[in-house]
Every structure is written in structure tokens, then in C-alpha cells.
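**Student:** With the sequences and hints as input, model every part of the structure.
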Amino acid sequence: MSQATALTRRDASAADAVEAEAGAKQYLTFTLNAQLFAVGILNIKEIIEYHQLTEIPLMPAFIHGVINLRGAVVPVIDLSARFGAKPTAIGRRTCIVIVEMHHRVDGADIQQDIGILVDSVNEVLEIPADEIEPAPAFGATIRADFIFGMGKVAGRFVIILDLDRVLSIDEMGQIAALSHDEKG
Amino acid sequence: MDELLSVFVTESHEQLAALEAALLQLETAPDDVDTLNAIFRAAHTIKGGAGVIECGYIVSFTHVVENVLDQLRNGDIRLGTDLVAVLLACSDHIGLLLGELEAGHATPADLLLADGDALLARLQGNGLGLDASPVHSAVPVDVLESLGGETAEPDCWHISLRFEPHVLRNGMDPLSFLRYLATLGTIVHMETLADAMPSADAMDAEACYLGFEIRFASCADKAAIEGVFDFVRDDCTLHILPPHSRLADYIDLIQALPEDVMRLGEILVRVGAITQAELDDGLLAQQTPAADGVPATTIPLGEILQQQQVVRPELVEAAVAKQGQVHDKKAAEARLIRIQADKLDRLIDLVGELVIASSSVGLLASRTGRSELLEAASLMTRLVESTRDSALQLRMVQVGDTFSRFNRIVRDVSKELGKDIELVIAGGETELDKSVVEKIGDPLIHLVRNAIDHGIESTAQRIAVGKPARGRLELNAFHDSGSIVLEVSDDGGGLNRDKIVAKAVERSLIQSGQNLSEAEIDNLIFEPGFSTADQVSNLSGRGVGMDVVKRNIQSLRGRVDVSSSPGAGTRFSIRLPLTMAIIDGFLVGAGRVSYVIPLDMVVECLELPPQTTDNHYLNLRGEVLPFIRLRELFDLPGQRPLRENVVVVRAGSQKAGIVVDQLQGEFQTVIKPLGQLFRSLRGIGGSTILGSGEVALILDVPSLIQQIIQQEACSVASQFQISTP
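From first to last, the protein sequence lines stand for chains P and Y.
With my numbering applied, the first sequence covers 1 to 184.
With my numbering applied, the second sequence covers 185 to 909.
A few of these clues could be false.
[Unchecked claim] If the Cβ cut is set under 7 Å, some of the chain P residues that face chain Y in the computed set are:
id, residue
1, V66
2, G71
3, V73
4, P75
5, T94
6, I98
7, A108
8, Q111
9, S168
10, M172
11, G173
12, A176
13, A177
[Unchecked claim] Cut-off 20 Å, straight-line C-alpha distance, at most; resulting in silico cross-link-like pairs (SDA-like, lysine to any residue):
id, chain 1, residue 1, chain 2, residue 2
14, Y, K527, P, G71
15, P, K152, P, I142
16, Y, K623, P, A108
17, P, K86, Y, K527
The set of hints was computed from the structure by calculation and includes no laboratory data.
Heads up, the beta-carbon is just placed ideally off N, CA and C, and yes, glycines get one too.
**Tutor:** Take a look at the structure:
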């Protein structure tokens, strides 16, 4: 699985090089606030329909709550709120994409599943490495370091997300602590 | 092989722990034979195990240690504090060697070997002129014949061995026993007796006619030497005389053996067991009283028989005792099964899932309203509850094992600081979840070291203020309302509050002139970067400690408090949840979410009386009970219902009320951690899954009570109400 995380990393590690040679990688595309996003498919465990979740008090808006995923309690992140926009309005096609993240705590590699809330999922695409442009320094609607690259699909740009950054447990935990302090 | 090795390592660590504990005990009661035997047994078991897995370096090191222990047991040397210190160091060294073995190193690192040699040198330098030659350098069998000229050693065993004629036919080779004997020590001299050998034509080539008289230098005990001949016990006549046996014993031996008395005497003289003069005196003395009554010729025979009779019961007794030991050990092993911890964790996880599934079945059954189904579901729920309790019990261990480690720490640290400190342990039988026990060790060590270093004054100081010269450190464990409390208390000088305040101001943790209660001042020591020791010793005082202790304990969902009275001592109490896995909970609702309050902390429930004021306390049968609304605390959206309920909770000595929308009843709660993302969350200790599949949040009652009390203090201090802490 470490390979899976390595793939989404920006630095040109060996795994990236191998992948680049192999040519195309598969991405899941989804829409959020009428914008098209993509994430590498290797991290994705499953996609489930939105159902009522349990809100956690005193958390920033982007931490939507927790759900029961076959006995495991999985936090759900509201991506729209995480990108600084308004919280996602729950609709008929709203889905939760479960991704597997790795992070290090006290030197130990910890695996954690995280759900991300999206307006709708579209399809799985193959995007060749040479069709991926580097992230623009500015101009995108979201933080530049959240963007892994811009994929060209049928003449449109798809924002390929760097999930390690977007779903950084450390960063989100710190923001949660700050908002907790403010409220507390 | 790997499994064997890991079992050896685990068991040896246990033996080492026992050895260490016994050594410490021995230091206070040096004449306790049982303790000494326990130490010897532990060392011997480790050596034996190491032999089985063919780990030479552990065998050779332990062998020397065992030799010294044996001498102690025989009373050849006296036990002093120095010797205990060296033996403790040796036990540590064996631990390190075990680590090497575990890491899969064929030979330990050079540095470690050098340490080992230094330790052995210290052992031998302890004025114990002992034969410290490690096992592997024992004299090989083929040089035996040439050893005759060697000067007699002071502590030589004498072994008389007569093999029965049929021993070869039974598949035993006498020579292999002698070779094996040589691994226990040195065969100083050996005489072969071929007296029983018939003339050539009557000789049966398959019969053994030989006997041996052996002078044997070894530190092994009699049982060990006897053990060598275990396999031929029935096929030989064996007499073992310990070192420094009385002359009379030798004479008795001579009488007991079938060969001619004079010939045997000569042999013994040749072997070096006795001198010629001694032999003559002895035989003469033996015959003189015999001449009085019965004819002299019959007495030796009678004595032979008597001797045989005397020897036999002893051997039988020893054999019975040995068999009994083996039997006991087997029975004890049957009562204990080693299980890998992760298998156990898996079981507990599964039981957790089962609890959730069964509550879901119960919920569905009650919806159908069919009585048979309800009955079956409730029976299942009850069984699942028992299963859960038994499964959790599997993980509970007594805290005493953790506590007994402190004997050593207190001893070492107080020696180092030149203080005289007595450790008193209470409540060692209190049970605690294994995962908690493993993690609580380090914080406890820190508190204990701190108490010795900073808490308890030096002996001179103590005498000056009229306290007993000997400091007292107490470790205590007990259960209290669903938690376990571990206390570390000392009878030292207490916390110096002026110094703490000065330091806190210096480190700008507080403003000078700020008014703090005594408890608040005491708790400042848990702030990061805080240390009041004037001098930094190598034990404590670097200011990285108490905050780490606090953090470690908090990560176990526990908390630590300090109370201190100047001049009389300091007490740290650590409050921990009993288990990390499953608890009995009380389900309540507030807003759209359900919350679980650990049932052990719930005292009672009542409806919130209509409020005339906006105060956050109510009259509970004449008692003032501060309370908090979960809605307000957690900033929940929506309107307060018309009727609210109060759950009265208690943690330690503090009581408070939690106001919720609905009471939903008891619920078996499988604790699911919320994870790193929610680590900053105060007041919520985890989550659980309800029968409906929804997630409920578990309230962290002690921290809530803390918030309620703070809020109360705030509301008194300021005019306006603060709804959140």
C-alpha cells in the first residue's frame, strides 16, 4: 500500500518513474460544486451511498461526521468545506468515497479509512502521464498544494487531487484543535 | 525451532524477573534458604533451556553465575550487598544476552562479551576462590588418564560407580555417562576397577564388569550429579560423597562396596580422596567398637546391608520428590496456556462485533413484538454478555507484576542517591487490562524516580526535621467507580509551592501576582518545560517529564492528579479506565445524536426540575449539584425540549449533572476509537455502534466534570454565563 501513497506524491520517486513509463494511470472522476475532480484509483476502497451520519460536536465544518462502515467508525470529510466553499448540500446523488490513507504517528505507520463527501461520482478514466500538466501557481479555486496536476480529458481540464495533502490527518487535526479552542 | 526459541526467550525473561525479585528479597533476608533455592532454580532453568536451544554463550555465562549461587547455597560464601549488586548486574546481562539471541545473532556483540567477562571477573573477585571455568572449557574426556598427578582440589566430590553386568545389553554405554559427567565439572582422577572381571574363558563379551572410583571437581549439586546417571539408575550402584565429607563416610563407603576393603582403601588413597594415615586410623576405629560384642567378621556384612538399606530409601525418596516436582510442573502448565496477544485481540474484536450484532437482533426482535422471538433474543443477549465478560477477563492481568519491577528501581536509584528508602506495595492483586498495564509502566517509573529524587529528602535532612531516617515510598492500586486508581506517594518534603510559582513566573507559564489555588499551583508541575530541581541529576530534573507523564496517561483515557502537603509528602494518583475494549454504558440522546455515559459513573437519573433562574446548579435533596447541558456544551443545533433529564455522574469524589434530552437505557458499549483526527476533542472519549447501525459518542465523564467545575468557578467569578468551558 505504500506504493499507493507514493503514487499520489508529487516528488518524482522511483514508483512514480515506473508509473510514468507504464504510461497511463486510472483515476476516479467526480463532481463537486459543478467542477470535475479526479483521484488516483489505488487509494479508493469503495463508494457508498450517502446515509445519515453522526455529527461530532465542536468540529470545523469540513469534518462532516462519522459513519459506521461495517463495524469501523470512519470520519467523513466534506470536501467542499475543506476547499473553503460552502458545505455540501446533500442531494439524491451525493456519495461517500472511502479512501485508505496512511499517516505516521510516533514513527508507526497507521492506516486510516476516510470518507469524502462528493456531489456525484462520474467514471473511472485512464489519463496518460503526458496528458497531466503541473498545477497552476494560481487561478484554481482550491489551494495550489491540494492539486497533484491538471489532467486533460476530452478537451477539459480535470483537477487531480493530491489526497495526502487534502486529507492530511495532521493538518486537519490541528485545524480541529484550533476551532475547538476558539469555541471552548 | 523459531517457536522453541521464542518460548525460551519468553520463559527466560520470566525466570529472570523471578530471579531479580528473589535477589532483592534475599538482600533483606540473606538466610532464607527457600529464596536462595528459588534463585538457583531460575538460573538453572535458564541454563537448561539455553542448552536445549544450543545457545552456548548463555549457557557459559549462566553456568558461572549458577556456580556462585551454588556456593551460596552450600554456605561456602556469604551473601553481601556487593554480591547482590553483581548478581543483579549478571541477571541484567543475561537479559541482554537473551535480547541478542532474540535478534538472531549467532554470537553477541564484542562489547557485550567484554561486559560479561568483566561481570564474571567481579563475581570471582568477590573473594570466592571458585572454579569459574565455563562449561565449554570443561576438560575433555580423553585427557582423563593423564590427570592423576594433579593436586587434589579442596572441593572434590567422590563418586563410586559399579555397573551391573547387563548394562551393555540394555543399550547403555558406561563411557558416555562419564563423558557427560565431564561436562559438569572436571574429573580430577579416575580409577577403573576390573576386580569383577572373570577369567578370559568365563568372560561374556556383552557383559560389563567394570567399576569406577572418581574424584570429581564441580560446583554442581548432588542432584545434578545424580541426574547424570538417571538413565542407568537401575543398572548400577552409585555412591556420591559430597566435598569435605567426613572420613567416616569414606570408611562407610568402603564397607558398602563389594570389593575388598584394603584394595578399596588403596584406591581411595590413590584417587586422592583420603590419605593413607587417615585410612588406617579410620579402619582401626571402625573395628575397635565392633570387637566388643558380635564377631568382627559379621559386622562389616551387617553394615553393608544396613548401608545399602540406608542408601536405598534416600534414593527412593529423592526419586519420588523429583517425580513429584515434575508432576507439579506439568499440572501448573496445564492450568496456564500461552496465547499470542494478537489472537486474543482478534477474539475480543469479534466478541465486540457479536455484541453489536446481538443488540441489533434485539432491536429488530422488539419491533416485531413476537414473544418467542423476543425470548430467544434476550437469551442470546445474556449469553453474549457472559461471553463478553469472559473474553475481557482473558486480557485482565494483575498489576502486581508491574509493581514488583519497582523493587529493583527503588533499590538502584536510592543506592545511587545515597538515600535509604523502603518501598511498600499494596493492591498488587488489582486487575487491569493488559494493554493498559503495558503502557502505564513508563509513566509510573517516572513518578517513582521523581519521588525518590525530589520527593524524599536525604537521610540527614530527614533526621533534622524529626522524621524516621528511612524514607517511605508507597505504590497502591485499587478500583474506584469503574476506574482503577494507581497511587505513588512518598513521605518526603512535599511540593515547594513558592518555588513552583517562582519557576512558573520565570518560564512565563503564569503572570506574577496571579492568584492561584494550592491545587492549581501543584498542577503546574505538569506543564511542559517545568522542573524545580536546583540541580539537574542524571535521573530527573531536565524538565521533560511530568508533561510527558500527563500526556501518556491522557492517551490511555486516564488522568493524573497531584496532592501535596508541605513537609509531609506528595501523592500522585493516576485514574485509568478499567478496559480499553467494551464497557457497560448508559445511552442518552441530545439533539440528533446518541451519547453513551459509562454506567459505572452514573449515580442516578432524574427529570430536570423547572428552572426559575438561569443558574447551572440544582438542589439535589439539599445538596448543590452543578450541571451542564450537553446541548450547550456541544453547541448542538435545535430547540431544547420541554422536558429535560439530568444524569447524575460521579468520578472520584466529584459529582455533577449532565442534562440531556432523553434517557434511552442501558447499552453494552464496544469502544471504537475516534482516531487521530479527533484527538483534540475534549469531553468525548470514543465512539460506539448502536444496534441500529448508527454511531454514538462516548462521553468522557471525568473531563466533563472538570469542565463543569471550571465553568462553575467562572460563573461565580464573572457576571455573565459561559455556556462552554
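**Student:** Now tell me if each hint is right for this structure.
**Tutor:** Results for each hint:
1. V66: 5 Å, holds
2. G71: 5 Å, holds
3. V73: The hint holds - V73/P has a Cβ within 7 Å of chain Y, the shortest such distance being about 4 Å.
4. P75: Check passed: Cβ of P75/P comes within 5 Å of chain Y, closer than 7 Å.
5. T94: 18 Å, violated
6. I98: 14 Å, violated
7. A108: At about 11 Å, which exceeds the 7 Å cut-off, the nearest Cβ of chain Y leaves the hint on A108/P violated.
8. Q111: Interface hint status for Q111/P: violated (11 Å vs cutoff 7 Å).
9. S168: 10 Å, violated
10. M172: With a closest approach of 6 Å, the M172/P hint holds.
11. G173: With a minimum Cβ separation of about 5 Å from chain Y (threshold 7 Å), the hint on G173/P holds.
12. A176: 5 Å, holds
13. A177: For A177/P, the interface hint holds, since the closest Cβ of chain Y sits about 3 Å away, which is under 7 Å.
14. K527/Y / G71/P: 19 Å, holds
15. K152/P / I142/P: 18 Å, holds
16. K623/Y / A108/P: Given pair K623/Y, A108/P holds - Cα atoms ~16 Å apart, limit 20 Å.
17. K86/P / K527/Y: 46 Å, violated
Of the numbered hints given earlier, the model fails hints 5, 6, 7, 8, 9, 17; all others are met.
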